[in-house]
Each structure stands twice: as structure tokens, then as C-alpha cells.
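For reference, the chains in residue letters:
There are 6 protein chains.
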Amino acid sequence: MENHKLVLPEHLNHYGYLFGGNLLKWVDEISWIAASRDYPGCKFVTIAMDKVEFRRSVRQGSILRFDVQRSRQGRSSVTYTAMVYCDDIETGREENIFSTHVTFVCLDDAGEKRALPQ
Amino acid sequence: MENHKLVLPEHLNHYGYLFGGNLLKWVDEISWIAASRDYPGCKFVTIAMDKVEFRRSVRQGSILRFDVQRSRQGRSSVTYTAMVYCDDIETGREENIFSTHVTFVCLDDAGEKRALPQ
Amino acid sequence: MENHKLVLPEHLNHYGYLFGGNLLKWVDEISWIAASRDYPGCKFVTIAMDKVEFRRSVRQGSILRFDVQRSRQGRSSVTYTAMVYCDDIETGREENIFSTHVTFVCLDDAGEKRALPQ
Amino acid sequence: MENHKLVLPEHLNHYGYLFGGNLLKWVDEISWIAASRDYPGCKFVTIAMDKVEFRRSVRQGSILRFDVQRSRQGRSSVTYTAMVYCDDIETGREENIFSTHVTFVCLDDAGEKRALPQ
Amino acid sequence: MENHKLVLPEHLNHYGYLFGGNLLKWVDEISWIAASRDYPGCKFVTIAMDKVEFRRSVRQGSILRFDVQRSRQGRSSVTYTAMVYCDDIETGREENIFSTHVTFVCLDDAGEKRALPQ
Amino acid sequence: MENHKLVLPEHLNHYGYLFGGNLLKWVDEISWIAASRDYPGCKFVTIAMDKVEFRRSVRQGSILRFDVQRSRQGRSSVTYTAMVYCDDIETGREENIFSTHVTFVCLDDAGEKRALPQ
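Residue numbers (our numbering), protein chains in the order written: chain A, 1 to 118; chain B, 1 to 118; chain C, 1 to 118; chain D, 1 to 118; chain E, 1 to 118; chain F, 1 to 118.
FYI, nobody ran anything at the bench for these hints, they're computed from the structure. Don't take every hint at face value.
[What the hints assert, rightly or not] Between beta-carbon pairs, the in silico distance windows are:
#1 95/D to 69/E: 32 to 42 angstroms
#2 45/A to 110/C: 12 to 22 angstroms
#3 67/A to 115/D: 57 to 67 angstroms
#4 41/E to 73/C: 14 to 24 angstroms
#5 41/B to 114/A: 42 to 52 angstroms
#6 93/D to 40/F: 52 to 62 angstroms
#7 72/A to 93/D: 57 to 67 angstroms
#8 115/D to 56/E: 14 to 24 angstroms
[To be verified] Derived DSSO-like pairs (lysine-lysine); straight-line CA-CA distance at most 27 angstroms:
#9 113/B to 51/C
#10 51/D to 113/E
#11 43/F to 51/A
#12 51/C to 51/B
#13 51/E to 43/D
#14 113/E to 43/D
Beta carbons are placed, not taken as given, at the ideal position from N, Cα and C, and that holds for glycine.
Given only the sequences and the hints, what does the whole structure look like? Please build it.
Okay, here's the thing in C-alpha cells:
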């Protein structure tokens with residue numbers, strides 16, 4: 001799944017670059033959407049992230065492109081690889097600025113793990 | 001261009017449905033991203049919206065799908081049609097819940113209208 | 001009804017001007033308040049906006065004045081005209097920077113349209 | 001000066017009532033707007049609040065009415081009395097739910113106190 | 001109790017300093033946490049603040065240190081003194097920039113005042 | 001370093017529990033504060049997180065306690081271990097709900113890595 005986001009002044013840290021915490025929040029949301037669309041009817045919660053790497057600082061006005069792909073499916077959990085690319089407004093070239101793996105587990109109404117549909 | 005957004009409790013009105021003002025804010029942002037990607041190097045500002053229609057209330061937990069298409073290009077302005085669909089998490093069926101036309105104008109560094117690249 | 005709002009850094013786009021999406025959100029909220037005060041006991045939802053026009057960019061530190069007036073009443077819907085003026089802090093002169101028409105419909109508890117009190 | 005605000009779910013504490021910190025933030029903003037409109041060209045900063053009283057809890061969906069009046073003018077400072085009333089949507093009756101005094105001082109460009117215009 | 005907070009661009013006023021309303025919101029939250037930890041099982045609401053003093057402007061990037069101490073206990077209410085210090089990132093020296101007294105009252109499930117545990 | 005945070009309705013996901021993205025944002029901010037206080041004068045940016053584990057869902061009204069400790073110092077980078085505990089308001093017992101390792105790198109004014117002070 002692909003998604004886009006504009007970096008506004010409200011998202012910056014005091015050095016004038018995108019505050020990493022906002023990027024993490026967006027990645028969690030977009031990966032969750034991808035999982036919920038792949039498995040309709042499943043109730044997912046995030047249980048882990050791994051290899052979170054911030055590769056380059058991002059300036060305000062940047063358009064971010066999120067690319068989220070399913071990379072591993074277990075019995076009741078599924079992992080997505082999230083890559084974020086920065087689309088420079090003026091030149092149009094893009095660069096990978098962030099990557100991570102996000103793992104979700106599927107819960108039933110009682111909050112217990114349940115098997116994913118195959 | 002396509003984009004997705006999850007409706008969280010922070011986006012609701014006091015009736016428990018998505019607050020329309022948040023939807024307008026997202027549509028403005030996503031249409032702007034579409035225009036900026038179609039015309040790299042252009043500095044766009046929103047000048048108008050037309051036929052803004054809210055067709056159905058949206059509950060929290062809904063996944064919204066934004067579909068933004070260029071519908072008219074003028075000399076220095078461009079109009080996008082934004083349609084928003086609601087993806088019911090449990091059934092997976094989607095419905096059109098919102099539509100509008102957003103018009104941007106391209107400005108030069110002095111803030112004057114400038115012709116769009118053809 | 002009249003209302004005021006201060007434009008803070010958190011409301012800006014990356015060009016340093018008020019992000020249009022925030023203005024739309026405020027107009028929706030203030031028009032809704034006007035309708036709810038004019039018709040106590042009615043439950044209103046926004047169904048349309050028309051002729052949304054952004055006339056001038058707004059800098060941070062600006063004080064916005066919202067003027068919202070009822071312009072048309074139907075059987076179960078009502079339209080307000082919202083004008084926004086920018087009050088320059090230093091000179092005190094004001095200018096119209098935005099206008100639109102917002103239409104609300106009155107719903108009963110089952111979510112069906114109901115007639116407005118006359 | 002009079003102003004209105006709608007209490008949305010994003011403004012609540014975990015008891016389901018308006019979080020006091022949000023009310024304080026709104027009172028500071030609206031009083032500042034009142035002062036800046038009364039003294040065009042002055043740069044004000046908040047230096048004190050006194051007798052801050054929360055008189056009643058406020059539910060979501062409430063429309064708040066802020067009434068801010070100048071109560072004392074010194075040489076370089078000015079105090080406003082802010083009263084907040086809650087407008088019950090269904091009955092239309094209003095009640096005083098909050099009051100305080102906010103004092104601003106007028107600064108010059110070097111950040112030093114300067115006399116208010118008489 | 002001690003707490004820390006980083007001042008980001010989203011917290012600034014249009015002069016480029018911390019917006020006082022945000023500081024008030026943080027002080028209310030942190031004092032409430034201190035009270036709730038000192039009296040487990042009590043449901044507290046803020047009823048008053050007194051002698052709110054903003055002593056110095058705060059720049060973005062500042063690390064604030066909140067120091068909250070219980071100063072007076074009544075039968076059903078308790079008052080905390082909140083001091084805020086600004087930790088200059090580069091020199092490491094700190095200065096008192098804000099102080100106030102916050103009073104909470106303990107409520108039972110019916111919303112009536114109840115005695116604090118001794 | 002220790003810090004506290006109250007979970008409010010604005011922080012929830014649509015299941016009624018703390019949205020993981022907000023927790024990640026807070027952990028990034030608090031770890032950054034810890035690093036900046038340990039190395040006055042250093043300009044830090046987050047470059048990695050590892051072993052991000054969400055151990056238990058968190059309800060609104062919970063008081064979170066963040067415990068951040070330096071775990072490894074390299075030449076120009078430093079790693080902190082962040083543990084988050086949930087303090088149940090009514091019973092007062094706490095449980096570990098989240099853990100991760102956050103790595104920062106120290107930059108000079110040109111944006112190049114620079115050695116940490118020993």
C-alpha cells in the first residue's frame with residue numbers, strides 16, 4: 001500500500017527538521033491500515049517494531065511517500081516492511097529516508113490471539 | 001492519486017462521528033500533494049472549493065480512501081476532483097461519503113500568478 | 001454571530017502562511033455553533049459547502065474575525081454565510097480574506113431529517 | 001469581547017469532562033486577542049493570572065461563551081477579567097463555569113516594558 | 001514530583017516564544033498526576049489556580065523541568081505548588097520561569113466532595 | 001531520567017486503548033531530553049530504535065511512568081533503554097508495558113557526526 005503526507009511546521013523539531021516521533025506515529029497508522037485492509041474483519045494491535053532506521057533529516061514542505069508491504073505472516077501475527085521516501089518538491093527526485101518492520105497480532109473480542117484467515 | 005486515513009477518537013464530533021472540519025483539512029492537504037506531484041517546482045495555494053458534499057456520517061475506526069484526480073487545467077490554475085470513500089473494516093465494502101472540487105493557483109516567488117508548465 | 005481566532009505557528013503551511021485546511025475546520029465549527037444557538041435543541045450535521053473562496057494569504061500573528069449570518073432556511077436545512085476578515089495587529093485595518101456558504105441539516109435521534117422549528 | 005468554542009472529544013479528560021488545561025489555553029488566547037484589539041500596535045505577553053476558578057464540569061458538545069472585559073489599566077500592563085459561560089445545547093440556559101483575571105504587559109522590540117498608549 | 005518537556009515549534013506563539021496557554025495546560029496535567037499518585041484511588045478535579053506568574057519568555061528547543069510539591073492539605077481538597085525551570089540546552093544552567101498553586105478537590109462517584117484519606 | 005504522562009481521550013485508538021504511535025512519539029521525545037541533559041551542548045538526532053515491544057494495552061486515565069537509562073556510549077552515538085510502566089490509578093500497582101532502545105548521534109553545526117565529550 002502507498003500513502004503520502006506533507007510535512008508542515010507543526011511536525012518539526014526545534015532544529016527545523018521533521019520530529020522523528022511524528023514519523024513513527026504515521027508509520028504505525030499506515031501499516032495498521034495496510035494490515036486491516038489485507039485481513040478484513042481482523043482486529044489488529046501493534047506488538048513490535050524492529051530495525052527502525054532514520055536515514056536522513058527531512059525538511060518542512062517535503063512530501064513523504066510511504067510504501068508498506070507484507071513481509072512475513074505467522075499464525076496469528078503478520079509483519080509489514082515500511083519504507084518512507086522523501087519527494088523533493090522542486091527536483092522531483094526521491095530518496096529512502098526511513099525503514100522499519102512492524103508486527104501486528106490479531107485479537108478476538110476477548111483480547112486473546114486468534115489465527116489469521118489463510 | 002490515492003491516499004488512506006484512519007478515523008481516530010481525536011477526529012470525532014460530540015455525536016461520535018467524524019467532525020467535518022477534519023475531513024476538509026485532509027482533502028485540502030491531499031489535493032495539494034497531488035497538484036505538487038503533477039507539477040514539480042510549482043508553488044500552489046488553494047483558492048477555491050466547490051460543490052462540497054458530505055454524503056454520509058463516518059464512524060471512528062473507519063478507514064477512508066481518498067481518490068484525487070485532475071479535472072481541469074487553466075493557464076495558471078488547476079482543479080482536482082476529490083472523492084472520499086469509506087472502507088468498512090468488517091465487511092470490506094466501500095461507499096462514497098464525500099466529494100468536492102479543489103482549485104489551486106500556481107504562484108511565483110513574488111506571490112504573483114504564473115503560468116503552469118504544459 | 002462573531003468569533004475571533006489567533007493564527008499561531010502550528011496553523012501554518014510550509015510557505016509560512018495559514019494552511020487553508022485549518023481555516024475550513026474553524027469555519028465549519030463556528031457555523032455549526034451559530035446554527036445550534038439559533039435553533040436550540042436541534043442536532044445539526046454539515047451536508048454542504050459552496051463557493052469556498054480563499055481571497056488572500058494570512059500571516060502568523062493575524063487575528064481573524066469570523067462573521068456568520070443565516071442566509072436561507074429550508075424545511076429541514078439551513079444555510080449560513082461565513083465571511084472571515086483579517087485584522088492586521090499593527091494597523092488595525094481589516095480585509096475580507098475568505099467566504100463560503102455552509103448548509104446544515106437537522107436530524108432526529110434516529111438520524112432522519114426532521115423539520116426545523118419555525 | 002465575546003467568543004464561542006465547541007467542546008469536542010479531543011478536549012476531554014478521562015472522566016469524560018472538559019480537561020481544565022484546554023480551558024486555560026483558550027482563555028489565554030482569547031484574552032490576548034482582546035488586549036491586542038484594544039491597543040493596536042502593542043506587543044503583549046501574559047505575565048500573570050489570578051483567582052482562577054473552575055466552577056462546574058463541562059460535558060462534550062457544550063458551547064462555551066467567553067466574555068472578556070478590561071478591568072484595570074496600569075502604565076505598561078493591563079488586566080482583563082475573563083468569564084466563561086456554558087450554553088446547554090438543549091435547554092439554551094447558560095451558567096458561569098469559570099472565571100479569572102489575566103494580566104498582560106506591553107513590550108517594545110528589545111523586549112523591555114513600554115508604556116501603553118492612553 | 002519532577003517532569004520534563006521539550007518546547008517544539010508547535011508550542012510557540014507568533015513572537016517565536018512558548019505560548020503561555022500550553023504551559024498552563026502542562027502544569028494542570030502534571031499537578032493532577034502528582035495528586036493522583038499521592039492519593040491512589042481518589043478522583044481529582046482542578047478547582048482553582050492562584051498566583052500564576054510567567055517570569056521569563058521561553059525559546060523553542062528549551063527543556064522545561066516541572067517541580068510539583070504538595071503545599072497544603074484540607075479535608076477534601078489539596079494544593080500543589082508548581083515551579084517550572086528552564087534548562088538551557090547549551091549552558092546547562094536553569095532558571096525559574098513560572099510558578100503557581102493548583103488546588104484539586106476529591107470527588108466520589110456521584111460527583112460530591114469526599115474526604116481525603118489521612 | 002524519569003517522566004510521567006497521563007493518557008487522555010485524544011491519545012486513544014478506536015478500540016479505546018492508547019494508540020501505539022503516540023507512545024512512540026513520547027518515548028522519542030523523553031529519550032532525546034535524557035540525552036541532551038547528559039551531554040549539554042550536543043545536538044542530537046534519532047538514528048535508530050531497536051526491539052520496540054508493546055507488552056500490554058493501556059486504558060485512558062492511565063498514568064505512564066517513563067524510565068530512560070543510558071545503556072551504551074559509542075564515539076559519536078549513544079543508546080538509551082526506555083522502559084514504560086503503567087501506574088493503575090486505583091490500585092497503585094505498576095506493570096511494564098513497553099520497552100525499546102533508542103540511539104542518537106551527535107551532530108556539529110554542519111550536520112556532520114562529531115565525537116561525544118568523554
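Now for the hints, and whether the structure bears them out:
1. A C-beta distance of roughly 34 angstroms is found between residue 95/D and residue 69/E, which places it inside the suggested range of 32 to 42 angstroms.
2. A beta carbon spacing of about 34 angstroms between residue 45/A and residue 110/C contradicts the range 12 to 22 angstroms that was offered as a hint.
3. Judged by the Cβ atoms, the range 57 to 67 angstroms given for residue 67/A and residue 115/D holds: they are separated by roughly 59 angstroms.
4. Restraint check, residue 41/E to residue 73/C: a C-beta distance of roughly 52 angstroms breaks the suggested window 14 to 24 angstroms.
5. Separation of residue 41/B from residue 114/A is about 50 angstroms and conforms to the stated range, judged on CB atoms against 42 to 52 angstroms.
6. Under the hint 52 to 62 angstroms, the C-beta atoms of residue 93/D and residue 40/F, about 56 angstroms apart, fit the expected range.
7. At roughly 60 angstroms, the beta-carbon separation of residue 72/A and residue 93/D lies within the given 57 to 67 angstroms, and the hint holds.
8. Range check, residue 115/D to residue 56/E: about 21 angstroms between beta-carbon atoms, so the 14 to 24 angstroms window is met.
9. At roughly 21 angstroms between alpha-carbon atoms, residue 113/B and residue 51/C fall within 27 angstroms of each other, so this suggested pair holds.
10. Among the hinted pairs, residue 51/D with residue 113/E is consistent with the structure: their alpha-carbon atoms are about 21 angstroms apart, no more than 27 angstroms.
11. Restraint check for residue 43/F and residue 51/A: satisfied, since their Cα atoms lie roughly 23 angstroms apart, inside the 27 angstroms limit.
12. Restraint check for residue 51/C and residue 51/B: satisfied, since their Cα atoms lie roughly 8 angstroms apart, inside the 27 angstroms limit.
13. Taking the CA atoms of residue 51/E and residue 43/D, the gap is about 23 angstroms. The hint holds against a cut of 27 angstroms.
14. For the proposed pair residue 113/E and residue 43/D, the alpha carbon gap of about 43 angstroms is over 27 angstroms, so the pair is violated.
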